[in-house]
Structures are given as C-alpha cells and as structure tokens.
Amino acid sequence: MAWTRDEMAARAAQELEDGFYVNLGIGIPTLVANHIAEDIDVTLQSENGMLGMGPFPYEDQVDPDLINAGKQTITELRRTSYFSSADSFAMIRGGHIDISILGAMEVSETGDIANWMIPGKLVKGMGGAMDLVAGVKRVVVIMDHANKAGEPKLLKECTLPLTGKACIDRIITTLGVFDVKGDHLELIELAPGATLEEIAGKTEAKYTVSDALVEHEAA
Amino acid sequence: MKKVYPDAKAALDGLVFDGMTIMAGGFGLCGIPENAIAALHATGVKDLTVISNNCGVDGFGLGVLLDNKQIRKMVSSYVGENKEFERQFLSGELELEFNPQGTLAERIRAGGAGIPGFFTKTGVGTMIAEGKEHREFDGETYIMETGLTADLSIVKAWKADPEGNLVFRKTARNFNPMMATAGKVTVAEVEEIVGLGELDPDSIHTPGIFVQRIVKGAFEKRIEQRTVRERESA
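Sequences listed follow chains A and B, in order. Counting along the first sequence from 1, when you hit position 135 you're at 135 in the numbering used here, and nothing is skipped either side. Every position in the second sequence, counted from 1, becomes a number in the numbering used here once 1000 is added.
In short, the hints are calculated from the structure, not lab data. Values in this document were obtained by computation on a predicted structure and should not be read as measured data. We put the beta carbon where it would ideally sit given N, CA and C, even for glycine. Any given hint could turn out to be false.
Unchecked claim - Per label pair, the in silico range of CB-to-CB distance: (1) Gly1080(B) x Glu157(A): 48 to 56 Å; (2) Arg78(A) x Gln1225(B): 49 to 57 Å; (3) Tyr58(A) x Ile1115(B): 51 to 59 Å; (4) Thr208(A) x Glu1095(B): 43 to 51 Å.
To be verified - Within a straight-line C-alpha distance of at most 30 Å, the following computed DSS-like cross-link-like pairs (lysine-lysine) qualify: (5) Lys148(A) x Lys206(A); (6) Lys124(A) x Lys1170(B); (7) Lys1083(B) x Lys1221(B); (8) Lys1009(B) x Lys1216(B); (9) Lys1216(B) x Lys124(A); (10) Lys1003(B) x Lys124(A).
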C-alpha cells in the first residue's frame, strides 16, 4: 500500500488554491495538472516564458514554437501571455508565483533540498530549480519516501549538493505528508496502509507526529 | 546603414575569430538560431565560449558545433540531452559553467544594460555561492553575480523589419531578447522580413538598436518531446 505517484500528485493538487499562479516541476509534479479541482481556477507558469499553460495539443495543433520547460509540446489558453526568460524569472525570483511543486532526491529536517546533481555521475544542470526554491512563496516537494535501495530520503542533512537551504514548506511522500517546522519535520498525514512503524524505519530526519494526524483510508 | 544580409554566411562575415565568446538564443531546440549555427560550423572557428541555456542535441542545434570540437567552454543551466557533450565533458575536453537559469537570464540582461553586477538570493547556501560576495539586505542573504556580454550574439526571431526591430513568437522568445542586447554585434535570423511600418511599434519586443545584422533564414524547427492528446471520439 501507500500512495502511487499519481495519488501523490492528486494529494499535491489539494495544495492549490483558487487564483494561484503555479509552477510545476518536470516529472511527477507535471501530473498534478491532471488533478486540479474543477471548482478552483489556477494559472500554470512555465519558466521558459509562458503564463497560462494549456494541455498537450492534438496531433494537428503541434507547434514547435510552443513548448513547456520539459520541452514538451503544449497549447495556449485564452488567458496566455508569453515573455522572455528574464521576465519569467522576475516572476519566480520576485515572489510573484504562489506555489512550486518539485521533485527531490533528498530533503533535510530543516527544509534543505537536493535535486540537481549526484557527484561522480553525469551532471545535467539545475535549470530553474535553484531560482524556484529561492523565490517562490511556497515550495512543496513530491518524492518517494525511500530510494530504490530502501534508504531514507528525508535526512538530518542532505548528502548531495544542495539546490537550496531551508526553503521547503511541505513534503508529500509515498507514505505521508510532512511539514517543515524550522528545526524538525512534523508528520501530518499518513497514506493509506502506511504505518508509524514503517515511517520510523524509513526516515532519518527528526520528526514529530501531529496530534491531529490524518490517516487516509484506501480509496 | 543597411542591416539586411543575403544569408547567414554573409551576416557573419568579419565577425568570427578563434577564442571568441558567443551568445546563442533558444530554450532546448525552441527558438534557436539554426542558420547562424550552421554558418559558424562552416567557418570552422574554434575555442569558442558559448553562452546558451542548453547545448542542443546530438547532431542538431549547438550539438553540431560540439561534434566539430569548436566549443571550448559552455555557460548553461541544463545540458542533459546530448551524449557527445557528456563524452567531451567527462574526458576533460570541454569546460562547463553551470548557472541557475534565472541567474543566467539576469546576468545577460544586466550585461546588455550596462550593469556589471547584481545581488540575488538564488543559490545562497549551495555550491553556486562558493567564492562569491555575500551581502545582507533587510536581514536576508544574497550573493553577487556579474553581468555577461559577448563578442557576438546570434538570436532567432519571428519577424524583423529592415531597422532590426524584432517580434518573437510564443515560447521561441526565451533568451533571445536579452542576448540581443548583450552582444557587441547581434545577428538576428528571422522567418520573415517585413517592410518598414508593417510591425506595430507598440508590439515590438526588441528595438532595432540592439540588432546590427538581419538575415532571413530557413528553419527545420525540430521538436524534442512531441506530446499530444487523443481527440475523444464522438
């Protein structure tokens, strides 16, 4: 049990509020767009220079001049605007984007994040991730609770080079939801089938369990 | 002064030399100056420092300059789409300077605007901040980044007029407008050159003062990730 990637994305979509300007990272976070509640209106920003990102095009609408930050072909909406990369990061760095939802390799108990490089392996680059975590009002991470070897990804301190320090507000993992509380994490929700024992065994970061812990039932 | 040149080769004539710094517009393969890149390839100019958000893919975009070993150093934010890049970087043939994407965009904007340095919170506490001046403003820590300029900027726009006024199209704009301001010489390649007065002066993205040479190009516009959805059947 525990949440699938799609279920984590659905949980992350609940972080969005009516009127929000939203930047979704590449990978699992892009799935969040499929789960936005119908009664709220949000505007998606793509850091390559677009506000008001629409869905993937139909085959006959594909336009090479219209892509998102993951280089995927997309469409525009009636509200869309286009701008330069400098203007795009004025939005991001300047605190005009309400929330960013990103993937991560590691998050620390103080809200540090590492998600851009593994020393000794091929380094692809940070793209816009460092600007996003530094500038966006609220930053939420979606990630597997443990890595492929079963080792914790929620750590006392990140072992990989940082993307940003003390910048993460909330972490949604396959096993539950944690808030960053300055010097420690607080477990606020348990995924269906996840237990406190399992989380204790797969978490290195210091965390407390909320008095108001929400235990999700299997759907 | 006549700015319109017959082709990209002519537009680069007298501008290229070994060891020069070139800014190249584009995000991924979107809005890249395909014609100037091909012309640079043909000149054989080498030891280039290239400032560009990405480095093309194998065999296309800036990848063709890599394949020809014309690039000595890249200044980029993300280079993950290129095996030859990986090979040259890991073998030590190619130097690489990573910049956060927003920092790269702002360094170019600043360079073109005559601003030698600025402070940003992006990268504070990371390896990007190592060796850089730190300063507090209103209790928050920032690092100093410097403006960037280039010997030559090659940019891609949708339309130009003979004055060099440019209009970009959709997300093909990206880094092109800032780079146009930051080159000692800027060569713009476009899909269409229209007559004077045909561009709405209120809708010009890059004023012609930033563009010295213009060429009408032919564009392949390769797509990296063709993602589509199915029409629901009636």
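Evaluated hints:
Between Gly1080(B) and Glu157(A) the beta carbon distance is about 26 Å. The supplied range of 48 to 56 Å is therefore violated. The hint said 49 to 57 Å for the Cβ distance between Arg78(A) and Gln1225(B), and at roughly 25 Å that hint is violated. Distance hint check: the CB atoms of Tyr58(A) and Ile1115(B) are about 44 Å apart, inconsistent with the given range 51 to 59 Å. Thr208(A) and Glu1095(B) have their C-beta atoms about 47 Å apart, which keeps the hinted 43 to 51 Å range intact.
Between Lys148(A) and Lys206(A) the CA atoms are separated by roughly 22 Å; this keeps the pair inside 30 Å, and the hint holds. Taking the CA atoms of Lys124(A) and Lys1170(B), the gap is near 26 Å; set against the 30 Å cutoff, the hint holds. For the given pair, Lys1083(B) sits about 21 Å from Lys1221(B) by alpha-carbon distance, which is consistent with the 30 Å threshold. Of the pairs offered as hints, the one joining Lys1009(B) and Lys1216(B) holds, with about 12 Å between alpha carbons and a cut-off of 30 Å not exceeded.
Proximity of Lys1216(B) to Lys124(A) is assessed by CA-CA distance (about 33 Å); at most 30 Å being required, the pair is judged violated. For the suggested pair Lys1003(B) and Lys124(A), the alpha carbons sit about 38 Å apart, so the restraint of at most 30 Å is broken.
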